[in-house]
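K.L.:
Protein sequences appear in the order of chains Y, R and W.
Mapping to numbering that gives the first Met the number 0: the first sequence position 55 is 54, numbers consecutive.
Mapping to numbering that gives the first Met the number 0: the second sequence position 161 is 160, numbers consecutive.
Mapping to numbering that gives the first Met the number 0: the third sequence position 209 is 208, numbers consecutive.
One thing to keep in mind: the hints can contain errors.
[Said to hold, decoys possible] Some chain R residues flagged as far from chain W (calculated, every beta-carbon gap over 10 Å):
1. T110
2. E125
3. F182
4. T229
5. E239
6. A245
7. A299
8. N393
9. P424
[As the list claims (entries may be wrong)] Derived BS3-like pairs: lysine-lysine, alpha-carbon spacing no greater than 27 Å straight-line:
10. K94/Y - K243/W
11. K215/Y - K37/R
12. K6/W - K98/Y
13. K143/R - K246/R
14. K6/W - K182/Y
15. K426/R - K52/W
16. K243/W - K246/R
17. K189/R - K246/R
18. K163/Y - K98/Y
19. K96/Y - K40/W
20. K6/W - K163/Y
21. K291/W - K96/Y
22. K37/R - K63/R
23. K96/Y - K163/Y
24. K98/Y - K52/W
25. K221/R - K286/R
26. K215/Y - K243/W
27. K98/Y - K2/W
28. K57/Y - K143/R
29. K182/Y - K2/W
30. K57/Y - K337/R
31. K337/R - K58/R
32. K63/R - K215/Y
33. K189/R - K221/R
34. K96/Y - K6/W
35. K94/Y - K52/Y
36. K426/R - K291/W
37. K40/W - K143/R
38. K58/R - K426/R
If you're looking for bench data, these hints aren't it; they were derived computationally from the structure.
Where is the CB? At the ideal position from N, CA and C, for every residue including glycine.
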Amino acid sequence: MIRSRSRYLLYIPLVLAALFFLLPMYVMLVTGFKSFAEVNLQTMWDLPQAGIKLDNFKEAYRNLAPSLGNSFLMVIPAAVISSILGSINGYILAKWKFKGADVIFPLILFGMFIPYQSILIPLVSFMRQIGLYGSIPGLVLTHVIYGIPITTLTFRNYYATIPKELLEAARIDGAGIIRIFTKVLLPISLPSFVVVLIWQFTSAWNDFLFAVALTKPEAWPVTVALNNMAGSQIIAWNVQMAGSFLAALPTLVVYIFLGNYFLRGMMAGSLKG
Amino acid sequence: MSKRILTVVSILMVISFAISACAPAAPAAEAPATEAGKVQVFSWWTGGGEAAGLEAMIKVFNAKYPNIEFVNEAVAGGAGTNARAVLATRLQAGDPPDSWQGHAGQELIGTYVAAGQIQPLNDLYEANGWLAVMPETLIPLISKDGNIYSVPVNIHRANVMWYNPAVLAANNVAVPTTMEEWFTALETLKAAGVETPLALGEQWTAMHLFETVLLGTMGPEKYNGLWDGTTAWDGPEVTESIANYAKLLTYTNSDATSLTWQDASQLVINGDAAFNVMGDWAEGYFKELGKTPETDFGWAPVPGSVGSFQFLSDSFTLATDAPNPDGVKAWLTVCGSKEGQDAFNPVKGSIPARSDGDKSLYDVYLQSAMADWASNTVVGSLTHGVVANDSWKNEINTALGLYLGTLDGATLQAALTTACAAQGPCK
Amino acid sequence: MRKRVDKERLLGVVMISPSILAVAIFIYYFILWSARVSVSKWTGLMPDYTYVKLQNFIGLFHDPRFSIDIRNTLLFTLLFVSGSLIVGLILAILLDQDLKGESFFRSLFIFPMAISYIVTGVAWRWLMNPAAGGRISGLNLLFDKLGLDFLINSWYTTRVWGIAFIAIPAIWQMSGYVMALYLGGLRSIPQEIREAARVDGATEVEIYRHIILPMIRPITLSALIILGHMSLKVFDLIYSIAGKQVALDVPAIYMWQVTFDGLFYGRGAAIGILLLISVAVLIIPYMRYSLKTEESL
Chain Y
0 MIRSRSRYLL YIPLVLAALF FLLPMYVMLV TGFKSFAEVN LQTMWDLPQA GIKLDNFKEA
60 YRNLAPSLGN SFLMVIPAAV ISSILGSING YILAKWKFKG ADVIFPLILF GMFIPYQSIL
120 IPLVSFMRQI GLYGSIPGLV LTHVIYGIPI TTLTFRNYYA TIPKELLEAA RIDGAGIIRI
180 FTKVLLPISL PSFVVVLIWQ FTSAWNDFLF AVALTKPEAW PVTVALNNMA GSQIIAWNVQ
240 MAGSFLAALP TLVVYIFLGN YFLRGMMAGS LKG
Chain R
0 MSKRILTVVS ILMVISFAIS ACAPAAPAAE APATEAGKVQ VFSWWTGGGE AAGLEAMIKV
60 FNAKYPNIEF VNEAVAGGAG TNARAVLATR LQAGDPPDSW QGHAGQELIG TYVAAGQIQP
120 LNDLYEANGW LAVMPETLIP LISKDGNIYS VPVNIHRANV MWYNPAVLAA NNVAVPTTME
180 EWFTALETLK AAGVETPLAL GEQWTAMHLF ETVLLGTMGP EKYNGLWDGT TAWDGPEVTE
240 SIANYAKLLT YTNSDATSLT WQDASQLVIN GDAAFNVMGD WAEGYFKELG KTPETDFGWA
300 PVPGSVGSFQ FLSDSFTLAT DAPNPDGVKA WLTVCGSKEG QDAFNPVKGS IPARSDGDKS
360 LYDVYLQSAM ADWASNTVVG SLTHGVVAND SWKNEINTAL GLYLGTLDGA TLQAALTTAC
420 AAQGPCK
Chain W
0 MRKRVDKERL LGVVMISPSI LAVAIFIYYF ILWSARVSVS KWTGLMPDYT YVKLQNFIGL
60 FHDPRFSIDI RNTLLFTLLF VSGSLIVGLI LAILLDQDLK GESFFRSLFI FPMAISYIVT
120 GVAWRWLMNP AAGGRISGLN LLFDKLGLDF LINSWYTTRV WGIAFIAIPA IWQMSGYVMA
180 LYLGGLRSIP QEIREAARVD GATEVEIYRH IILPMIRPIT LSALIILGHM SLKVFDLIYS
240 IAGKQVALDV PAIYMWQVTF DGLFYGRGAA IGILLLISVA VLIIPYMRYS LKTEESL
């Protein structure tokens with residue numbers, strides 16, 4: 000630890016870094032408050048001249064409202080289900096190793112690394128075959144499945160650190176595989192759940208590729224609707240930026256309020272890969 | 000900790016309830032596509048004048064066919080970037096929209112017809128008497144083996160050079176009509192300190208410029224020959240075109256790759272640039288910016304291509320297994336009708352595909368385009384899917400992209416020759 | 000007792016089998032499908048599974064565009080990974096000094112992870128606007144106003160090296176994540192070790208160099224893998240900032256364009272398989288290593 004007064008100098012790089020991290024948000028917000036006539040690349044740093052008006056945000060909200068609803072309907076089950084599956088898988092793979100478990104685990108993990116663009120066509124065909132193409136449940140299923148690798152990894156790493164003795168004590172009391180999970184492990188899994196839920200919430204919320212390929216207009220999540228707001232001709236950047244901000248708001252809220260738990264979980268090694 | 004989580008969860012819940020309360024009730028599940036009285040129409044018209052034009056046409060449709068529900072499945076992506084990928088994926092998965100947007104020409108014939116994805120519409124043409132009102136030049140481009148496969152709604156012109164009259168006047172430069180005059184004009188402007196004599200944007204706009212230079216250098220006959228194999232890609236005409244293109248590039252802005260086509264054409268409007276080559280959708284953009292034709296911006300055919308109309312056309316199709324073909328035909332009837340086209344085109348900023356459009360509805364630029372369309376030699380656009388199919392076009396695009404990095408004309412010509420042999424009619 | 004364990008182990012397999020089935024279909028079956036297409040002739044909308052051996056792969060190695068892709072990916076990976084590691088480590092060390100406001104800065108540095116490039120792409124495009132002279136804007140304009148003219152540059156439109164600048168927004172997004180990993184590592188080092196070194200007369204810099212950094216080396220490896228595979232797959236970032244242009248091409252964009260714009264399905268699948276192989280080359284040794292070290296604990 001660097002002592003003495005010079006430690007206040009440490010704030011200089013920190014504040015500079017903070018400014019760098021805020022730059023894109025500044026551009027987005029300040030443009031979101033401008034009128035269309037005021038939007039100009041040469042004056043992008045200037046504050047809005049006419050004061051703060053919410054018109055753009057209202058208009059963007061009108062455009063995005065149905066799809067924001069879809070996003071919530073899609074993201075919440077996607078995050079919850081894949082977290083639950085991940086915790087079950089992690090538990091089995093860490094504490095009930097069966098023959099071949101050491102092969103299965105890397106095979107599941109590898110799924111995290113595939114480039115999704117390359118499997119788009121079989122994915123859409125498959126979804127159509129099982130009758131889930133175009134709908135929110137189909138998108139939920141996709142996010143759940145492609146979330147399994149990361150959620151399994153997180154929980155497995157976490158459960159691997161739980162001492163054997165704790166489980167053995169429960170066994171002596173007569174608890175079986177399911178009881179041990181629900182009574183011993185689940186109650187102490189909250190930090191991992193927070194990390195995984197946030198991670199899944201964010202990646203499903205921000206996904207564009209699966210959403211645009213798998214859903215039809217009535218099921219579009221917000222990323223697709225946002226992309227559609229910009230036509231190919233004139234683009235109202237002020238409304239677009241306001242819409243971008245609205246689309247990012249839910250994940251921002253999650254990070255602002257839960258960011259520290261997420262960090263703590265991550266720092267404890269939950270998401271180290 | 001759990002208190003915090005509770006707060007967040009409740010905030011999210013409140014937000015989502017608020018949203019679902021405001022949102023129009025979404026159908027709980029996707030209704031099966033076989034349900035009668037429903038037409039899913041796929042396009043990439045989601046914003047600005049295009050979306051407004053589409054809305055206008057939908058309005059006509061709804062008035063005429065109140066029992067058929069129009070499902071607008073537009074996905075954004077200028078020139079169809081995302082949209083085309085979504086469409087291709089859906090076609091492969093066997094879930095095509097009932098009707099979708101496709102550029103008349105090879106994009107339609109070489110892609111969708113070749114794959115057996117769309118149905119002939121001859122009976123619809125006969126029933127509506129469209130053969131009498133659709134231009135003769137257009138029908139072969141949407142036909143194969145005597146079958147007509149789509150209904151064109153509009154015509155755009157690709158070989159338009161936009162200019163800033165004030166900038167030209169200030170430097171005593173007349174509007175050039177030949178390549179030579181153009182180079183002289185650009186040189187004069189450059190010498191006079193005009194920052195960007197010719198405005199250029201991202202890569203596809205460079206391809207757009209290239210196709211107009213091909214036309215402007217070799218004329219319509221030779222240009223058409225490029226696409227049917229009678230003009231050699233390794234011949235002197237192409238060499239000269241590449242040389243002209245290289246020369247033009249020396250007058251363009253250095254930040255081209257960072258500009259969209261809108262940004263590039265706006266340079267002309269703002270007086271930062273003298274010329275810009277872009278399709279006539281740019282005029283729609285200028286008008287949305289509140290600019291007046293002839294005073295704030297002028298137009299002329301790209302030098303060397305006077306008397307030629309390099310066109311592209313958006314058309315709509317009927318899917319092979321469309322569950323509701325009668326509904327689609329109703330939609331296509333609106334697309335091909337005078338009423339539908341005159342509702343769509345003035346708003347979108349294009350001219351009607353039919354030759355009997357009501358001229359009084361169109362502005363001064365569009366009227367001039369209508370006159371040229373009727374009198375000029377018509378040739379097709381490369382960038383916009385008329386003359387080459389998607390695969391060939393993609394190879395040309397890659398060759399051109401590589402060229403923009405190296406400026407090696409010989410390699411470009413060799414690559415273009417290879418592309419024609421591999422994907423085009425050259426053997 | 001033994002019987003009970005066997006029965007329960009079986010139950011465990013049953014509990015995990017839905018996930019295994021899902022992964023088998025959604026990952027491995029789809030990969031196999033891609034592999035099949037990659038050795039097929041398929042061009043155009045309709046499938047054509049005619050076997051053409053490795054033609055698509057051989058074509059790629061003669062393809063000048065693919066050479067650009069490889070070069071761009073290597074350059075981008077190098078800058079993005081090293082940049083994120085360095086920035087992340089510096090931020091972590093700064094925040095490890097027990098300063099006031101630590102949690103504020105921590106949250107601030109991690110928040111870019113929450114936002115997709117669909118949202119921030121345009122802002123970055125504006126920030127990295129290369130226009131000069133009268134049209135100057137973005138960061139260049141800011142530099143100009145602040146008298147930092149030497150920083151003005153043409154960003155991602157720089158000839159040949161443009162891809163290097165794309166690493167900036169990528170570092171912006173991921174360095175907070177690296178910071179969190181490092182911070183976790185730093186916090187897990189007992190204070191006694193540092194104190195002991197201080198008693199021995201080591202300076203702070205020496206403590207970091209000789210004691211702390213070697214101890215957090217395993218974290219560097221994890222971060223390297225996560226960042227490395229992201230950079231091999233980079234797509235949205237480049238696409239949303241610079242669109243599709245050959246100068247800034249990378250395999251994922253080439254794959255997208257060649258498949259969906261050019262309808263060369265065979266070639267597109269071949270690029271996908273090559274991407275997958277390169278990710279595997281990176282990941283598999285790491286997975287073996289980390290599983291092994293874990294067992295020895």
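K.L.:
Now tell me if each hint is right for this structure.
P.N.:
Evaluated hints:
1. T110: violated, 6 Å
2. E125: Nearest chain W Cβ is 28 Å from E125/R, so the label holds.
3. F182: holds, 23 Å
4. T229: holds, 24 Å
5. E239: holds, 24 Å
6. A245: It holds; A245/R is separated from chain W by about 16 Å at its closest Cβ, greater than 10 Å.
7. A299: holds, 25 Å
8. N393: Violated: least Cβ distance 3 Å, not greater than 10 Å.
9. P424: For P424/R, whose nearest Cβ neighbour in chain W is about 16 Å away, the distance exceeds 10 Å, so it holds.
10. K94/Y - K243/W: Roughly 48 Å between the alpha carbons, so the hint for K94/Y and K243/W is violated.
11. K215/Y - K37/R: Judged against 27 Å, a Cα distance of about 14 Å means the pair holds.
12. K6/W - K98/Y: Measuring from Cα to Cα gives roughly 14 Å; hence the hint holds.
13. K143/R - K246/R: violated, 39 Å
14. K6/W - K182/Y: The given pair, whose Cα atoms are some 20 Å apart, holds under the 27 Å limit.
15. K426/R - K52/W: holds, 24 Å
16. K243/W - K246/R: holds, 24 Å
17. K189/R - K246/R: Distance of about 13 Å is within 27 Å: holds.
18. K163/Y - K98/Y: holds, 19 Å
19. K96/Y - K40/W: violated, 44 Å
20. K6/W - K163/Y: Holds, because 20 Å separates the two Cα atoms, which is no more than 27 Å.
21. K291/W - K96/Y: holds, 15 Å
22. K37/R - K63/R: holds, 14 Å
23. K96/Y - K163/Y: Status holds; Cα separation ~13 Å.
24. K98/Y - K52/W: violated, 37 Å
25. K221/R - K286/R: violated, 35 Å
26. K215/Y - K243/W: Holds, at about 25 Å.
27. K98/Y - K2/W: holds, 16 Å
28. K57/Y - K143/R: Status violated; Cα separation ~49 Å.
29. K182/Y - K2/W: holds, 23 Å
30. K57/Y - K337/R: violated, 37 Å
31. K337/R - K58/R: Roughly 14 Å between the alpha carbons, so the hint for K337/R and K58/R holds.
32. K63/R - K215/Y: Roughly 26 Å between the alpha carbons, so the hint for K63/R and K215/Y holds.
33. K189/R - K221/R: violated, 32 Å
34. K96/Y - K6/W: Distance of about 13 Å is within 27 Å: holds.
35. K94/Y - K52/Y: Since the Cα atoms of K94/Y and K52/Y sit roughly 57 Å apart, the hinted pair is violated (cutoff 27 Å).
36. K426/R - K291/W: The given pair, whose Cα atoms are some 58 Å apart, is violated under the 27 Å limit.
37. K40/W - K143/R: holds, 25 Å
38. K58/R - K426/R: violated, 49 Å
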